[in-house]
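Asks: The residues making up each chain are set out below.
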Amino acid sequence: MILSLDLSTETHTQLLLPQGFDKVPCNPPKLMVLTDCLCFCHDFEETHFIIWKMKDFGVQESWIQLYKISYNNFFPAMEHKRLDLLMLCLSENGDTLLFVLGTNRDTPLFLHDNDDEAFINNSRDNRVKKIGTANKIFWSRTKDYVKSLVSTN
Amino acid sequence: MLTAYSIFSFFLPKLISQPHFKPSHNSIIVLQILMPLSKLFNTIILYINPQIQIVCFFLVSLVMVLLEDMHGSMDEEALEERPQPSLSAVFPNELIVEIFSRLSVKPLMKFRCLNNSFKTLISDPDFVQKHLKKSARNPHLPITSFLNSENISVYEVLTFPVSQLLENPSTTTIHYDHFIRLTRNDDGTWFVVGSCNGLICLISIHISRLCLWNPSTRRKSEFFLPSSYNYYFLYSFGYHTLTETYKVVALRIQKEHGSAAGSMVKVFSLGNSSSRNIQCFYVIPLYWFHNFSNNVVYLSGDTINWLAVHNYFGSDF
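For the protein sequence lines, the chains are A and B, in the order given.
Counting from 25, one number per residue, gives the positions in the first sequence under this note's numbering.
Counting from 6, one number per residue, gives the positions in the second sequence under this note's numbering.
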């Protein structure tokens with residue numbers, strides 16, 4: 025389930041996850057915000073990962089499946105267990121998804137961020153491209169951000 | 006998409022009919038040149054990005070005002086009667102707001118310094134909100150990176166546009182802009198807690214203070230955290246629209262004999278630096294130490310959301 029804290033009343037409520045997600049997966053499920061909607065990503069039988077979007081916040085019936093992507097598309101050589109996936113962005117038209125793959129690790133804070141890699145999935149040709157960067161980037165700490173004039177005071 | 010052409014074709018006739026707009030001979034000539042130019046623009050704009058279109062339009066507008074200025078200074082008799090030409094005297098305010106709201110923060114920060122009316126407009130909360138809505142269509146990523154500078158390795162937080170990644174995924178170089186880099190604080194390195202409305206909330210490594218940082222305007226504010234906040238909490242960041250307050254929520258899972266015994270939830274309001282404990286969770290959210298706060302998300306609409314799976318607390322718990 026999802027625990028949702030309302031910042032105006034500072035009280036929390038519980039929201040249900042999409043139907044069909046019932047067993048504990050080996051890879052950690054994740055919450056994220058894509059195109060202003062609450063999304064949920066989880067492992068599917070160690071072969072795919074699935075992304076759900078809650079179209080109307082708080083409405084259980086509004087969960088829709090956005091993506092189902094095979095691990096083979098971007099990680100053919102490795103055993104698919106112990107993958108830590110994080111979705112970063114979805115393009116406005118829904119075609120392009122930016123996600124991060126870290127290796128799921130049991131060690132605490134900050135130790136293994138060097139393994140992070142980022143990918144782009146294009147749903148039109150169903151291809152996954154790895155993002156190459158000249159600088160070392162700690163992808164799994166990345167958040168959504170827009171440029172604004174908003175004051176910090 | 007509001008193109009330069011539509012601005013030209015829609016606003017120019019409107020502009021000429023404005024009662025306060027008394028065109029001089031010069032500006033009529035300029036307008037006569039601009040009208041056919043707008044058709045040329047229509048062809049060109051198919052190939053250039055919308056922001057450049059706006060900038061082009063803006064430059065043409067500035068040239069127009071300058072021509073007015075030159076004419077004024079040449080015609081000394083008319084100079085006394087003529088009000089000081091300015092962009093706002095030539096263009097309706099709504100048009101300026103419309104153009105400005107489409108510009109990126111960098112040129113706007115420069116316009117702020119040009120004159121008082123621009124400064125007032127760009128600082129206006131309604132304008133800031135309008136600009137934010139348009140800016141949200143061009144998402145950026147704040148990233149933590151690793152930089153070797155003067156043989157000292159330091160963590161840096163930088164931002165860059167997602168479009169840069171989408172256009173060229175295989176070879177992206179993040180250029181270090183030293184002006185938007187947030188350097189280390191006295192307490193060590195900053196870590197990102199969350200982001201909303203273009204502000205990034207960071208926490209110092211010793212959990213002693215918070216920083217609200219706007220990388221685009223390069224402004225930041227720091228807040229000291231009470232000593233009851235520490236490493237054992239999972240931090241998240243959100244915004245309460247009605248009171249215009251930014252809040253940091255800290256969650257701690259208490260364990261006894263290796264299993265979850267309860268939770269503690271604290272809310273720190275950045276507006277008045279107040280802290281209070283709120284009702285604890287009856288369900289224990291997933292708890293991942295190694296990814297600072299990846300399993301909790303802020304959703305516009307004023308909620309912070311955690312994921313919880315029955316009988317599953319994560320391997321670190």
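Note that these hints are calculated values from the structure, not bench results.
Take the hints with a grain of salt, since some may be wrong.
What the hints assert, rightly or not - Distance condition first, Cα-Cα at most 16 angstroms in a straight line; then the derived EDC-like pairs of lysine to aspartate or glutamate:
#1 A:K79 with A:E69
#2 A:K92 with A:D30
#3 B:K135 with B:E99
#4 A:K153 with B:E172
#5 B:K271 with A:D30
#6 B:K271 with A:E34
#7 B:K139 with A:D119
#8 B:K138 with A:E116
#9 A:K154 with B:E172
#10 A:K79 with A:E34
#11 B:K138 with B:E103
#12 B:K139 with A:D60
#13 B:K138 with A:D60
#14 A:K154 with A:E141
#15 A:K153 with A:D119
Asks: Run every hint past the structure and note whether it holds.
Replies: For each hint, the structure was consulted:
As the CA atoms of K79 of chain A and E69 of chain A are separated by approximately 25 angstroms, the hinted pair breaks the 16 angstroms bound. A threshold of 16 angstroms between alpha carbons decides the hint, and for K92 of chain A with D30 of chain A the separation of about 30 angstroms lies outside it, so the pair is violated. Taken as a hint, the K135 of chain B and E99 of chain B pair is honoured in the structure, with Cα atoms around 12 angstroms apart against an allowance of 16 angstroms. Distance restraint check for K153 of chain A and E172 of chain B: the Cα-Cα separation of roughly 12 angstroms lies within the 16 angstroms cut-off, and the hinted pair is therefore satisfied.
Straight-line distance between C-alpha atoms of K271 of chain B and D30 of chain A comes to about 13 angstroms, which keeps the hinted pair within the 16 angstroms bound. Straight-line distance between C-alpha atoms of K271 of chain B and E34 of chain A comes to about 10 angstroms, which keeps the hinted pair within the 16 angstroms bound. With a C-alpha separation of about 21 angstroms, the suggested pair K139 of chain B and D119 of chain A falls outside the 16 angstroms cut-off, and the hint is violated. Proposed proximity of K138 of chain B and E116 of chain A is supported: the alpha carbons are some 14 angstroms apart, at most 16 angstroms.
Using a Cα cut-off of 16 angstroms, the hinted pair K154 of chain A and E172 of chain B holds, with the two alpha carbons roughly 13 angstroms apart. Between K79 of chain A and E34 of chain A the alpha-carbon distance is near 23 angstroms, which puts this suggested pair outside the 16 angstroms criterion. For the hint pairing K138 of chain B with E103 of chain B, the CA-to-CA distance comes to about 12 angstroms; that is within 16 angstroms, so the pair holds. For the given pair, K139 of chain B sits about 14 angstroms from D60 of chain A by alpha-carbon distance, which is consistent with the 16 angstroms threshold.
Taking the CA atoms of K138 of chain B and D60 of chain A, the gap is about 12 angstroms. The hint holds against a cut of 16 angstroms. In summary, the hint linking K154 of chain A to E141 of chain A is supported, as the alpha carbons are separated by about 8 angstroms, within the 16 angstroms threshold. With a C-alpha separation of about 14 angstroms, the suggested pairing of K153 of chain A with D119 of chain A holds against the 16 angstroms cut-off.
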